[in-house]
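Engineer: So the chains spell out like this:
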Amino acid sequence: GESVGLHLPTLSVQEGDNSIINCAYSNSASDYFIWYKQESGKGPQFIIDIRSNMDKRQGQRVTVLLNKTVKHLSLQIAATQPGDSAVYFCAENAGGTYKYIFGTGTRLKVLA
Amino acid sequence: NAGVTQTPKFRILKIGQSMTLQCTQDMNHNYMYWYRQDPGMGLKLIYYSVGAGITDKGEVPNGYNVSRSTTEDFPLRLELAAPSQTSVYFCASKRTGGRSTGELFFGEGSRLTVL
Numbered sequence: 106g107e108s109v110g111l112h113l114p115t116l117s118v119q120e121g122d123n124s125i126i127n128c129a130y131s132n133s134a135s136d137y138f139i140w141y142k143q144e145s146g147k148g149p150q151f152i153i154d155i156r157s158n159m160d161k162r163q164g165q166r167v168t169v170l171l172n173k174t175v176k177h178l179s180l181q182i183a184a185t186q187p188g189d190s191a192v193y194f195c196a197e198n199a200g201g202t203y204k205y206i207f208g209t210g211t212r213l214k215v216l217a
Numbered sequence: 002n003a004g005v006t007q008t009p010k011f012r013i014l015k016i017g018q019s020m021t022l023q024c025t026q027d028m029n030h031n032y033m034y035w036y037r038q039d040p041g042m043g044l045k046l047i048y049y050s051v052g053a054g055i056t057d058k059g060e061v062p063n064g065y066n067v068s069r070s071t072t073e074d075f076p077l078r079l080e081l082a083a084p085s086q087t088s089v090y091f092c093a094s095k096r097t098g099g100r101s102t103g104e105l106f107f108g109e110g111s112r113l114t115v116l
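Protein chains in written order, with the numbering used here: chain A, 106 to 217; chain B, 2 to 116.
No lab work stands behind these hints, which were simulated from the structure alone.
In this text the structure is predicted, and so the values were computed from the model without any measurement.
Straight-line C-alpha distance at most 25 Å; calculated SDA-like pairs for lysine to any residue: (1) Lys204(A) x Lys45(B); (2) Lys147(A) x Thr21(B); (3) Lys45(B) x Ala129(A).
Derived coverage of chain B by chain A (criterion: at least 3 residues anywhere in the stretch with Cβ under 8 Å from a Cβ of chain A; other residues may be distant): (4) 33-41; (5) 44-54.
Note that beta-carbon positions come from the ideal geometry of N, C-alpha and C, so glycine has one too.
Isolated chain B (complex conformation):
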């Protein structure tokens, strides 16, 4: 199993450009998450999904969009990139079950710089 795979690993965007960060998992997990981590800081929840066709906002959703058309994929769309979106983005998934059935499995991260 590859686990959670994120692409690209690195990207530089110009202000106003758009892009999609890809996330796919092969563990048949229902729950998927997007977090951002600014340098030297903690993780902030952007969006999450409890299953295909269902998404919900997290702590910092502004400037982002998500979709969940399949169990495996949970892409994060940035429209009109701004310097404030410079960050490392982590995708995570959690196995099906109750909310206290533990761990989030994280990808390696996608480092985005907006200039």
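Bound conformation, chain A alone:
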């Protein structure tokens, strides 16, 4: 289930289940989005990106869905593994700038 911790919301899933991590963005001018994974003590690492002219993009075991109408995107991880335990961030970029603004993040805990 999903719970709100002291800072980061946490999503706990059983190993082998699918995970869905959500992100709401506020800037209607944002037209490019990236998902990052951050393991403890490390810098964020790129997972997958999507442009606003797409609704869905698939990678290896991951899928990103974009709903521009409600300014929402999600990251789906298939067959979640212990190595997927990390904090996940979405980042957005608005047209005309090279700023990449990060969301709050979600901690994913994979239960054995």
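Fit chain B to the given chain A structure using the hints.
Structural biologist: Relative to chain A, chain B alone:
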């Protein structure tokens, strides 16, 4: 390739001291960024640069300064350190190209404590 290298990895400062966080990348990337990450929180953009000699403010620039004299280096200067600047600082770079040509490559971070 070493990627993005940050130094120091850890530092403790007293209130009012100044210091520079170093960042260098060997990927010939034009775009470089500084973010801060407070404990259990997301990343906030401090400053960024689209090339040598060009810098611009991000979301939280107050209390910081940057310079970009070369493509490789993007140091972050803290003047008059305050406890509110206690954070982990991440430097990142992005390859030359359009803004939707993806990923930022991050360094390992510099953990700064101001007492």
